[in-house]
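**Student:** Sequences listed follow chains A and B, in order.
The opening position of the first sequence corresponds to residue 1 in our numbering, with each subsequent residue numbered one higher.
The opening position of the second sequence corresponds to residue 1 in our numbering, with each subsequent residue numbered one higher.
Think of the hints as simulated: they come from the structure by calculation, not from any bench.
For the chain B half of the interface with chain A, some residues (derived, Cβ under 8 angstroms), not all of them:
#, residue
1, R13
2, E196
3, V203
4, A205
A few chain B residues that don't get close to chain A, going by computed Cβ distances all over 10 angstroms:
#, residue
5, E54
6, M65
7, Y243
8, H278
9, R281
By construction, the Cβ of each residue, glycine as well, lies at the ideal position given by its N, Cα and C atoms.
So you can see what is in the structure, the chains are spelled out below.
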Amino acid sequence: MIRFTKVTKDYPKLGAALNDVSFSVGKGEFVFLTGPSGAGKSTILKLIFMEERPTDGEVRVAGLSSVTIRPRDIPKLRRKLGIVFQDFRLLEDRTAEANIAFALEVTGTSRSAIAGKVSRVLTQVGLASKAMSYPRELSGGEQQRVAIARALVNDPVLLIADEPTGNLDDRATRGVFQLLRDINASGTAVLMATHNLDLIRRSDYRSIELNRGKIVFDSAEAARAAIERFAE
Amino acid sequence: MPAVRDSLFAFRRAPLLSALSITTIAFSLFAVGLFGLVVVNIRQALEHVEERVEIRAFVSDKTPMEQIALAANEVAKYAEVQSVDLVTQEQALERARKELGEFKDVFEAEFLPPSLDVHLKSGFRDPATVHRVADRLKALSFVDDVRFGEEWITQLYKLRNIAGVAAVALGLAFAAVAVIIIGATIRMAVLARSREISIMRLVGATDGYIRRPFLIEGFVKGILGGALALGLTWLAIHVVSGYLSFQTVFFDERAALIGLAAGAMMGLMGSAFSVGRHLRRV
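With these hints in hand, go ahead and build the complete structure from the sequences.
**Tutor:** In structure tokens, the structure reads:
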């Protein structure tokens, strides 16, 4: 699904954001990406949806490589992904329903198909009754659910979430996290960048910790090492 | 058609910004239009003056009238010639008495030679052509002398050429300024929607899809701005012509349509440029 091979990302003024990073995420996996601010989490996410290209190394996502992808194929990649941000990124002048439909319109989906799909995802995120509400009329948790619904409506193979609970209170955080777990349970891989260690501790998902552009801990690697030690 | 809907939606969502863009486009095209009208009117005035370009071939007074009439028919067949007037001695006297005061007591026409007054077609009134036709007339055996206001025609054409070059240079400068202003106003519209553009990209919109509503918006703004500029120009010429002693002309239908099309093209180009630049940067 995702494979980073010796990826380095340098920014001309800011210096190295990632340094020789390698990891992979399989189909249907749920992976936390954690670490302090500036550790490189957002850079990894940007490399995945190819808003950025690596300075060195290769990023492969859903069969497409950062080395060979043409700019005109990037929209095709993004249609296979669902992307959710801390600040929701909803259009304030459109209803919840229109915000979700927007993601389908850009892909050229027919009007009749849009109505059915939008209604299905709104039900899935528990907001069927808020279809006609504008973002300003919704709570933070509800706005994030709309954003998740928009990310889901194209049936992505991978959902990328950048601090999706960063602006939410505990209750809303639990609700959104449970929603992401449900989405994962239905087969969609989820990569979630977060500061919330509580969420990581309460679940047994794999977590990758970054610091200063390097992977300092990968629970899958640690588990593998432990198994190998045990076998010896 | 989401692109058409989105472009109309943009007008409804930001009416003030849209009105500002249309007004800016209208005023920059208004400047082009006013300049165009000055050019059109100068050309019209020059054409009036040019119509007076005439070659007068004085015929030897012993030539029989029939021969002169035959020659007049021949000359009328020249490609450059619009019409030929055969002026008899009596008509020459009549004209002289009308035009020149010192002839008012003269009643004998014998000393005035008959003439062929040759008028040239539009487009053939330049000094070189006038000279060529005059030389052909001079070569006719019964023609004594050929006169045309050589210096006057040369000056007229110099003026015409200067006006033509000035019109093209200033017109291009005005049009360039208009395109820059239109591009800047549309850039404002693009920046106002940069958040929407970034979200569109995230959900997998192609650049073509993002560009389309902006191009439609620019096209519509260009047409509306062009129409407003046309209206303002019409109003201006009506107000100004009240203070002028000569008849002014407005653009004909074709020129007005070209103006509208130019407005639409400028809107389209301004949009294409602004959106293209924005998409390359983000």
